[in-house]
Amino acid sequence: MEGTAAHFHSHLDISVNGQPIAVPANIGVDPASGQMSELHTHDERGVLHVEAPTADGRYTLGQVFTEWQVRLDAEGIGGLDNSNTDSLRAYVDGKRFQGDPATIQLTAHRQISLVYGPRDATDDPAASYAFEQGE
Numbered sequence: 003m004e005g006t007a008a009h010f011h012s013h014l015d016i017s018v019n020g021q022p023i024a025v026p027a028n029i030g031v032d033p034a035s036g037q038m039s040e041l042h043t044h045d046e047r048g049v050l051h052v053e054a055p056t057a058d059g060r061y062t063l064g065q066v067f068t069e070w071q072v073r074l075d076a077e078g079i080g081g082l083d084n085s086n087t088d089s090l091r092a093y094v095d096g097k098r099f100q101g102d103p104a105t106i107q108l109t110a111h112r113q114i115s116l117v118y119g120p121r122d123a124t125d126d127p128a129a130s131y132a133f134e135q136g137e
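Under my numbering, the very last position in the sequence shown is 137; numbers go up by exactly one each time.
Treat the hints loosely; a few may be bogus.
[Said to hold, decoys possible] Quick list of the computed label-pair ranges, beta carbon to beta carbon:
| id | residue 1 | residue 2 | range |
| --- | --- | --- | --- |
| 1 | 87 | 28 | 16 to 22 Å |
| 2 | 7 | 120 | 39 to 45 Å |
| 3 | 107 | 44 | 18 to 24 Å |
| 4 | 102 | 19 | 35 to 41 Å |
| 5 | 125 | 102 | 26 to 32 Å |
Since the hints were derived computationally from the structure, they do not count as laboratory data. Where a beta carbon is used, it is the ideal one built from N, C-alpha and C, also for glycine.
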């Protein structure tokens, strides 16, 4: 259900073994009715839309992944699990996030990067995203 008391956008980048993974269009959008959940996407740019009926709600990355029906937790993403050689790392505004990435709070113009790959890789996460005017 879409509302308008709170309306802001965060951005999500995902990479696996150095390759970008597109965040699909229409996460949280019912294909039959066009109804949108409070957390949704419109296109594949990775812009996460929060359009909520109350201004005091707290929204997390984990909620987006629940809408997407893809696993996200401290142990991995989708079918990719942390191992002795590979791991999932999360960054918020270019800074390493410690803990379960599903708990990352969505806020206006927050840049979130999820990187899965070799533990010894040097990550270069984006510190910001160039949102379109009005986003």
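Results for each hint:
1. 87 with 28: 16 to 22 Å: About 34 Å separates the Cβ atoms of residue 87 and residue 28, which means 16 to 22 Å is violated.
2. 7 with 120: 39 to 45 Å: holds, 43 Å
3. 107 with 44: 18 to 24 Å: holds, 21 Å
4. 102 with 19: 35 to 41 Å: Violated, at about 22 Å.
5. 125 with 102: 26 to 32 Å: violated, 18 Å
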